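If you read the sequences in order, they're chains A and B.
Sequential numbering of the first sequence, starting at 415, is according to our numbering.
Sequential numbering of the second sequence, starting at 415, is according to our numbering.
Among these hints, one or two may not hold up.
Pairs involving identical chains hold if they fit within one copy or between any two copies, as the list cannot separate such chains.
Stated by the list, open to error - No more than 25 Å apart at the CA atoms, straight line, and that leaves these computed lysine-lysine pairs for PhoX-like: (1) Lys-517 with Lys-754; (2) Lys-1032 with Lys-1051; (3) Lys-1054 with Lys-1032; (4) Lys-996 with Lys-909; (5) Lys-884 with Lys-865; (6) Lys-524 with Lys-754; (7) Lys-964 with Lys-754; (8) Lys-525 with Lys-754; (9) Lys-1013 with Lys-1099; (10) Lys-755 with Lys-517; (11) Lys-964 with Lys-1001; (12) Lys-818 with Lys-974; (13) Lys-844 with Lys-983; (14) Lys-649 with Lys-789; (15) Lys-1051 with Lys-499; (16) Lys-755 with Lys-524; (17) Lys-971 with Lys-981.
In case anyone wonders, no lab produced these hints; they're calculated from the structure.
Note that the structure is a prediction, hence the values are computed from the model and not measured.
There are 2 protein chains.
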Amino acid sequence: MKSLKNIFEPKSIAVIGASVTIGSVGNAVFSNILQSNFQGAVYPVNPKYNSVMSVKAYAEVTYIPYPIDLAVICVPRNAVENVMKQCAEKGVKGIVVITAGFKEIGGAGKKLEDEIIAIANKHDIALIGPNVLGIINTQKEISLNANFALKMPRAGNVAIISQSGAIGVVALDYAHQHDLGISKFVSIGNKAVIDESDVLEYLIDDDATKIVTMYAEDIGHPAKFFEMANKANAKRKPIIIIKNGTSVRGAIATHSHTGALSSSDTAYDALFAQCGVIRVETLAQLFEYAKGFTSLVQPRGNRIVVITNGGGMGVIATDSAERNGLEMTTFEPDTIEALKKALPPTANIHNPVDIIGDADAQRLNNVLSIIKKDKNADAIIVSILPTSETDMDAIAANLCDFAKANPDMPILANLMSLEPEPSFEQLLEKAGIPNFDFPETDIRVLAAMIKYYEWIKLPHVEVTKFEVNKNEVRKVLDTIIKEKRIHLSEPESYKILGAYGMKAVDYRFAENWDNTIIAADQIGYPIVLKIVSPDILHKIDVGGVKINLKDENDLKKAFKEITESIKNKKPEAKIQGFLIQKYFTEKGIEIIAGANGIKGFGSLIMFGLGGTFVELFKDVAFRLAPLTRRDAINMIKGTKGYQILKGYRGQSSYDIESIVDYLLRLSQLVTDFPEIKELDMNPIKVLDDNKGIIVMDAKAIITDEKDISPLKQKISVKKETVIA
Amino acid sequence: MKSLKNIFEPKSIAVIGASVTIGSVGNAVFSNILQSNFQGAVYPVNPKYNSVMSVKAYAEVTYIPYPIDLAVICVPRNAVENVMKQCAEKGVKGIVVITAGFKEIGGAGKKLEDEIIAIANKHDIALIGPNVLGIINTQKEISLNANFALKMPRAGNVAIISQSGAIGVVALDYAHQHDLGISKFVSIGNKAVIDESDVLEYLIDDDATKIVTMYAEDIGHPAKFFEMANKANAKRKPIIIIKNGTSVRGAIATHSHTGALSSSDTAYDALFAQCGVIRVETLAQLFEYAKGFTSLVQPRGNRIVVITNGGGMGVIATDSAERNGLEMTTFEPDTIEALKKALPPTANIHNPVDIIGDADAQRLNNVLSIIKKDKNADAIIVSILPTSETDMDAIAANLCDFAKANPDMPILANLMSLEPEPSFEQLLEKAGIPNFDFPETDIRVLAAMIKYYEWIKLPHVEVTKFEVNKNEVRKVLDTIIKEKRIHLSEPESYKILGAYGMKAVDYRFAENWDNTIIAADQIGYPIVLKIVSPDILHKIDVGGVKINLKDENDLKKAFKEITESIKNKKPEAKIQGFLIQKYFTEKGIEIIAGANGIKGFGSLIMFGLGGTFVELFKDVAFRLAPLTRRDAINMIKGTKGYQILKGYRGQSSYDIESIVDYLLRLSQLVTDFPEIKELDMNPIKVLDDNKGIIVMDAKAIITDEKDISPLKQKISVKKETVIA
């Protein structure tokens, strides 16, 4: 196990490539470490100098007569490999390679990177980089700023992991301007050895870190990330992430609905949703959330009170609360009575409370002490504009006292000021009262917190494991591999689904006309007739499907039409035979369920109602396999189609329980057989409640890529209780 | 006509209630006017003083021996009426009543407000307020800051209209902190006489104002606002608005789908969409847009180039461009060739261009001069992080030179700095280069501008007027009024639709069984049988509809079932008879169209596809009557259902032209007869292209409220060209 203790908590550091040349990276890094009041010893390494900034220099790291925990490397690219070898020889277990020009430029750079990876792995070295800014640890006992561009930030409990050095600069700049305290900072660059999940693993046990913020362009190992995120949840450490990077949608030709609708970005959304990670879109939001999470106590519920001295702010707050799913508390009669006494007649004594423009700090205090007693107040937002009566410093001081006396009540503020950096901001910061520009920000932050705390409160759910017939599936897939095909025929698809307990509509396969008649008689009219050919994926497009055939005459006509249509439209297709299915007339609704293997993520499971729901509104939900029962339920509930399934406008409800069952079985199938690249059940007919569901058509494709690595979930063999 | 010239451009001002008491409103207002270097003369009016701040005071406004253009009133509430009378006597034509305690507190306040309104109207006084902060005019020739809370902002070309005084304070604070120049500011408070549309009318001709920003909780006169917004468009003055205030949805019981889906907020959205007003959700956005519009030249198109020295910013910009409908330009081969020569090998020469961390001002310049020649570059975003090589002042100066040399190229920047108020910001501001925190803001602003300029570029469209039979409608409505009903029966609804050229499916009305048989024979089987009763609005709910009746036997059974069902479920209903309709089996798709009178707005017209489209996805579009042809087309195109109407996935297209026709006819009907409160055509069957559409069911309700005031559109009798 490569420990990040050597990276973040070294007792001794070698800066290899330390330099006296102002403006050079080696100079900046060494000088930053010296200036950061690092509590250990730092040694410059550079054969050109006897000393760097008055500190005795060594020509090579191996010459340093003391043990070295961390080496920061800023030598030219071609020297990195050799220097790494010397570090290995010296027994250095933590290395930050700041130097750029590796994998990110391809070609020779990629090769050099592979070489330093080999050295790190051989010697069990925790390697950050290459192509990074460096690292920061603000803890007093360490006090380390080992990077070439950033000043030491104020100590605090927010950790920053940035894949991009550029965004790292912006992030620390923003943190500085908004007075956000930082615990650790790391720029992880090319992630040759250590990636975000490894850093996360370290930060979970880092007492100085309470919130992890992250800028990512990709997640190296989704399964490990998932595991670490769950551990972070157990420790109540929220992870807030910007995941950027253009989607790969459209880049890959897909064969199924599921494939067409899913992308790596969908997989990221599913991943984050399944482990409670908070995804934001902008850097501003990232830090707003960080500030909220770092300051505020956990809200009891979502019923907020807004107190303002300007009616307009109350209106904005009310609108914003509705948009973000928060509720404006309705006061108890006692509260209203007390407010009536405490406030002038022109004030608004209902929520949002308007204490009007001539309010001073005392009036605000009176109102706060009334509202805190109202059992319906879960959080308070105080929005105060500067007027001739408002002494903002006094108001801020009072708010701080109130927060101290009521440690269970989340309080957010917008104390506005005409000064660029008003003195009360630090007061509020220290008292754990986030102060934002506008009430809309307070509300957005509060809503995100409530959602997070609801998520981590949920009991642990295990993955249900069904008894299935794996051998049957193995046999089908082996046949296909042997025949060097990638598409499963419709009967083959039904077979593997059947082996996992997913029932298809009654069908027969017939190779010729005579057997077709026999099959139709066995099944009973009306029937559906479909072509079966490994060369025809989209049967309807080539006239390969005829439905509602009522008797032998209809059947004969349909048989002829299909045969002729294929001859015209797809003359080269090898026809294996025909599929004869029961024409299903029972009342029901069509859904679609499928799976799509996403490189690095395992299988992404899709669910949605059929027809325009899926095609036009993209009203579908995705989760990564293996699904828990909660995942499956959340998928269904996450679509608008759920309104119809559960009985829309007094109509009867459909068999949702069976959909959950099939989604879980599908998840188990593609987890057991990662070579199933795409699988579509489209449509599945869902009958009324308790009447089951039936697959009406299915297709599947296998792959020989075996890089698929599903999320690790605890497995249970018990079946769980009924849908909520 | 009440002119706002006296308000914003007075030569002489009386401050009635001017005071020497520090902290009083009368003191603040008078002192602010003095300090603002007002270019006219200001007179304090207060019987208690001989002089206020060394300026000769008068006991009453009438005692001032000079003409007075503007009176600013800050006397106690009960004195306002009397003071107003004195102003009228003095011939003052502009008054700002700062004093609060009027309509906003109800009761006696409302009565007092009515009294001052009467005085203002009688004497043709332009009255701002009551309950306001005051006004500001930064123009050098006026230089007036007449309010009690705000400092004089920097002069510029953004006007601010705020209904709320509180938001006014926040707005000017924000403008100050973000160095946004202001032309006029006005807080309009209770809008007793002058409202936002009146101020807009004044600002349209105000050369100092190029952009109007507005905070509104309601729009007093939507029709006038619409007219003024169109005039502003003609002058290329964008209006950016935050319209807050909780929606009235659900507060009113409605009788139709259209009613249930529409609200005053829907009406506001429609109003703004129909006159190109830009609605934003947050104050931050309001000022970001203002800054963009005030600085930037009009972009030629939506193909942007991003230049950065940090790859991560390029990724963020690319994602953001996709979200906002902008396109990342693909460079010409020449551009790529030139960039390859100008940049180091590790740079990214494709868009977003990464000039990498060691770039200096010269390298950026070289890249800019290459890119400006690329004909696919419609706008440039320059996103530069501080590194050891970046001299931000030099970069800013170069950008300014570039902007000056290339006045047609919109340039936005994110020059980041670790300083709180870097010196280059003013440089950029002066050169018309908006500089935001993050590239995502640049992109959002640019997208809003492109949308606006596309809107104002559209040619003027007149409202089509059809030849109709107004008398027929009048007759039907008169009968209903005479019978003191509010609901139209189904045949009555068909009659008024028919009079305006909207065809219903063939039907007969029969009072009894004998006539029902005759009617069925005349129409021909299969038929639909429906109950007709003024007491039954939702026929299906009481078993009042039977479809697909194939012969007399079916009909007899249905007749009996309906009669019995009504007897059971609605025994008190007065049955007028039965409606016999052709059972329509032609292939088609169902849509819904309707109208709903919204107090103050006239009729809101709705369009959507039927079934789950409207019910579950609320996939509907709204516009206010009278509709132009473009409005009707935009409504249809604004729904997802449009994808189906125009022929989804190779299927045939439906008769969209007829839908446009019916929406326009519906618009004309409810405009001609504002007493039609709600009208639903649900469903309308739309046949294949050119085959027409047919109303299958309709209901309508009339009202005796006559406050409905439709938007003024130019009317044309010509029909226009075919749908695009």
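We went through each hint and held it up to the structure:
For the identical chains of this complex, Lys-517 and Lys-754 are inter-copy neighbours only, at 20 Å across copies versus 68 Å inside a copy, given an alpha-carbon limit of 25 Å. In this assembly of identical chains, the alpha carbons of Lys-1032 and Lys-1051 lie at most 25 Å apart whether taken from the same copy (15 Å) or from different copies (18 Å). In this assembly of identical chains, the alpha carbons of Lys-1054 and Lys-1032 lie at most 25 Å apart whether taken from the same copy (10 Å) or from different copies (11 Å). Taking the shortest Cα distances, Lys-996 and Lys-909 sit within 25 Å of each other inside one copy (17 Å), while across copies they are farther apart (48 Å).
Within a single copy, Lys-884 and Lys-865 get their C-alpha atoms no closer than 39 Å, and across copies no closer than 57 Å, so neither meets the 25 Å cut-off. Only between protomers do Lys-524 and Lys-754 lie at most 25 Å apart by alpha-carbon distance; the minimum there is 21 Å, versus 72 Å within a single protomer. Taking CA atoms no more than 25 Å apart as the test, Lys-964 paired with Lys-754 passes in neither setting, with 77 Å inside one copy and 69 Å between copies. Taking the shortest Cα distances, Lys-525 and Lys-754 sit within 25 Å of each other only across copies (23 Å), while inside one copy they are farther apart (75 Å).
Taking CA atoms no more than 25 Å apart as the test, Lys-1013 paired with Lys-1099 passes in neither setting, with 30 Å inside one copy and 46 Å between copies. Taking the closest pair of Cα atoms, Lys-755 and Lys-517 come within 25 Å of each other only across two copies (22 Å); inside a single copy the shortest separation is 70 Å, beyond that limit. In this assembly of identical chains, the alpha carbons of Lys-964 and Lys-1001 lie at most 25 Å apart whether taken from the same copy (19 Å) or from different copies (23 Å). For a Cα distance limit of 25 Å, the shortest separation of Lys-818 from Lys-974 qualifies neither inside one copy, at 84 Å, nor across copies, at 75 Å.
Taking CA atoms no more than 25 Å apart as the test, Lys-844 paired with Lys-983 passes in neither setting, with 74 Å inside one copy and 66 Å between copies. Taking CA atoms no more than 25 Å apart as the test, Lys-649 paired with Lys-789 passes in neither setting, with 29 Å inside one copy and 55 Å between copies. For the identical chains of this complex, Lys-1051 and Lys-499 are neighbours neither inside a copy (55 Å) nor across copies (65 Å), given an alpha-carbon limit of 25 Å. For the homomeric pair Lys-755 and Lys-524, the shortest alpha-carbon distance between copies (23 Å) is at most 25 Å, but the shortest distance inside one copy (74 Å) is not.
Taking the shortest alpha-carbon separations for Lys-971 and Lys-981, only the intra-copy value of 15 Å comes in at or below 25 Å, while the best inter-copy value is 50 Å.
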